[in-house]
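There are 2 protein chains.
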Amino acid sequence: MSFKDAITLLQDDLTKVEEYIKKNYNSDVALIPTISSYLYNGGGKRLRPLLVLITSKLCGYSSHNGSGRHITYSCVVEFIHAATLLHDDVVDESDIRRGNPSVNAKWGNDASVLVGDYLFSRSFSLMAEDNDKRIMAILSDAIKSVAEGEIKQLINKYTLDTTEDVYLDTINRKTAALISACCGIGAILGGVTNDKVDALISFGKNIGIAFQLVDDLLDYTSNEMVLGKPVGNDLVEGKVTLPLIHLYREANEGRKDELREIMNSPEISREQLKRVIYLMKSYGAIDYTMQRARDYIENAKQSIASLKSSSTEQYFNTLISVADYIVERKS
Amino acid sequence: MSFKDAITLLQDDLTKVEEYIKKNYNSDVALIPTISSYLYNGGGKRLRPLLVLITSKLCGYSSHNGSGRHITYSCVVEFIHAATLLHDDVVDESDIRRGNPSVNAKWGNDASVLVGDYLFSRSFSLMAEDNDKRIMAILSDAIKSVAEGEIKQLINKYTLDTTEDVYLDTINRKTAALISACCGIGAILGGVTNDKVDALISFGKNIGIAFQLVDDLLDYTSNEMVLGKPVGNDLVEGKVTLPLIHLYREANEGRKDELREIMNSPEISREQLKRVIYLMKSYGAIDYTMQRARDYIENAKQSIASLKSSSTEQYFNTLISVADYIVERKS
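Residue numbers (my numbering), protein chains in the order written: chain A, 1 to 331; chain B, 1 to 331.
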C-alpha cells in the first residue's frame, strides 16, 4: 500500500474534514475566511488529520453513530497546525510557502498573527465543545511544546556547535508533539486500553521526529520547484539542523573556520550554499541524517507491532504506509 | 470605597494570583520565564484577575475548601490578556508599553509571537485541567472575539468615516469580551442562577466598552509621562477611534479635507497632532466620548442593581468602585 492508496481509502472522511474546516473558519469579519481559504487552498499534505482518521479507525472508532468526533479533531489539529504555520512565517520572515506567497507577504505580519490567533481560538472552542479531558490535556501540552520548541530553535540560531541532543529535543517539541498528539487522539477516540494509546503516541513521536529530519534534509537536497521555497533556506535563516550539526561536528578545524565564516556572512551567496552542500555530502551528513530518519521510522513501526490484527489489517497497513511515505517523500 | 481600597481588600488573593502566575510561566526554555517575568514586573492594573476575584466573592464563592479556582482563573485570564498584548505589540509595531521598551523592541517580533503562543497554551492547560464546560465556552468565545476585534480594527485602519456602530462592535470584541468573560467566570464559580450570571456578563461588557472608550480618549488627552507611551499614538498608527470618528462626522467639508490630509501624511507632525486635538475639543469630541463612557458605566451599574444584598455589600461596593475607577483613571 502506498501513501496515495492511504489517501484514497480515507477520501470520504478527508472530504468531510475539508467541509468541516471551511464551516469553522467562517466569520463575519471578512478577512478571516479570505485568508483561511487562501491557506487551505494552498495545498498541504493534511498529514495530521490523516493520522487522526487512520488511528481512530485502527482502534475501532466507528462514525456510524453519527457523532463524527474524528472529523472534529481532524479539524482541530489542522487549525492548530495552520496557526503555528502562520506564526512561523512571521517569526522566519518567510515570503513564500508551498510555492505561493505566504500570508504575511500578501496581507502583512499583523494579519498573520491575528488570523493565527483566530484559528487557535476556533480549535479551543471545538475542543471545549467535545470536552474530553484527556484529549484536551494532550492537545494543550502539544501546543505548549510547539511554542517551546520554536523558542528553543530561536535561541539556538546561528549556533553551529548545537548538539544533536538539543536539536532532537527541539524538533521533538516543535514538530513531533502535535503529530504524536494526533495519534493519541485517534487511539482515545477508539477507546482502546492505555498501553495501546501509549503505543500510538510513541509511534507518532517517532514519525514526527523523522518527518522533521526529512524536512531539514530536503531543505538542502531538494530543488526550489519541488520544495515550493528556496533551497538552503535554513542556512540563510541561521537554523542549525542535523545535516549542518553533523558536518560541523565531523569537520576539521579548517572546515570549521570556513563554516563559521559562511554562517556569519551578512548574505549567503549561491557559491557558499553550494560549498556547504558539497561539504555535507563529503562528510556523510546527508546520509547520516537520512539514516537517523530511517531509524526513527523503524522505532515507530516497532512501537505498534502489537497492534496488528486481522480485523483492522487495512488500517494498520495504511499507518505503515504513512510512516514509509515520511522518509520517501521528495517535498 | 476607592479603587485603591478594592485592591487592599483583595490583596491576599492578588498576591496568590501573582505567585500562581509565576509558577505557571516556568519552563526549561529559559527565554520564556525571562520574558514573562519582564512582562509581569512591568506593571499593569491586573483589572481582569481583580474582576474574577470580586465577582466570585460577590456570588458567594468560598475558597475555604482550598480549591482556589478563583486564583486559577485569575491566572488564566491574565495569561490570555498578556498573550494578546504581546501579539498586539507585533501588530502595532509598538516600541514602548507602560513606559518600558516593549518585548518585541527588546527581544524581537519572533519572541513576542512565540511567548504569546506559549502563554495561550498555558491558559488552555489550566482551563482543561479545571474542565468546566461553561467557563471553557465563555473563554474560547472571548479569545475568538479578541482576534476578530483586532482584525476588524486592522481592516478599518485609516478609514475616517468608520461609523460609531462599527467602532463599538470592534471594541466590544477586542476589549469588552474578555472583561465580560472575567465577570461571567466569577459568577459561575459562585454557583449563582443564570440570570445573575447574565447580569454580571452584561456588567462586564458595559465596563469593558467604557474601559476602551477611556483608553482611546486618554490616547489624545493624557501626557507621555502618565500614559507610558506617546500621545496621539492611535492617530499615528491610523487607528480611528471615537474622538476622531465624532470629530470627522461633525466637521464641515473644509475640516474633513484637512483631517483626510493629516491622516494621509507620511508622517504626522507635532503641529498636526496638536491641531487634531484642538479640533476635537472645539467639536466636542472629547466630551462626547467621555459622556459615552459614563453612559456605559451607568448601564453597567444598572445591570447589577438586583445583586445588591446586605450579606455581600462589601463586594458589591468594590465592584462599583472598579466601574467608577474605569472612567476616573488618568492612565
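Simulated from the structure, these hints should not be mistaken for lab results. If you're wondering where the values come from, they're calculated on a predicted model, not measured in any experiment. Accuracy of the hints is not assured; some may be wrong.
Calculated cross-link-like contacts (lysine-lysine; reagent style DSS-like; alpha-carbon spacing at most 27 Å) [as the list claims (entries may be wrong)]:
| hint | chain 1 | residue 1 | chain 2 | residue 2 |
| --- | --- | --- | --- | --- |
| 1 | B | Lys133 | A | Lys133 |
| 2 | A | Lys157 | B | Lys106 |
| 3 | A | Lys133 | B | Lys22 |
| 4 | B | Lys133 | A | Lys106 |
Cβ-Cβ distance ranges computed for the label pairs, FRET-style [claimed, not checked]:
| hint | chain 1 | residue 1 | chain 2 | residue 2 | range |
| --- | --- | --- | --- | --- | --- |
| 5 | A | Ser37 | B | Asn252 | 53 to 59 Å |
| 6 | B | Asn223 | A | Gly108 | 27 to 33 Å |
| 7 | B | Glu258 | A | Ser37 | 36 to 42 Å |
| 8 | B | Asn223 | A | Val236 | 17 to 23 Å |
C-beta: ideal position from N, C-alpha, C; glycine also.
- Hint numbers the structure violates, sorted upward? Of the numbered hints, 4, 5, 8 do not hold.
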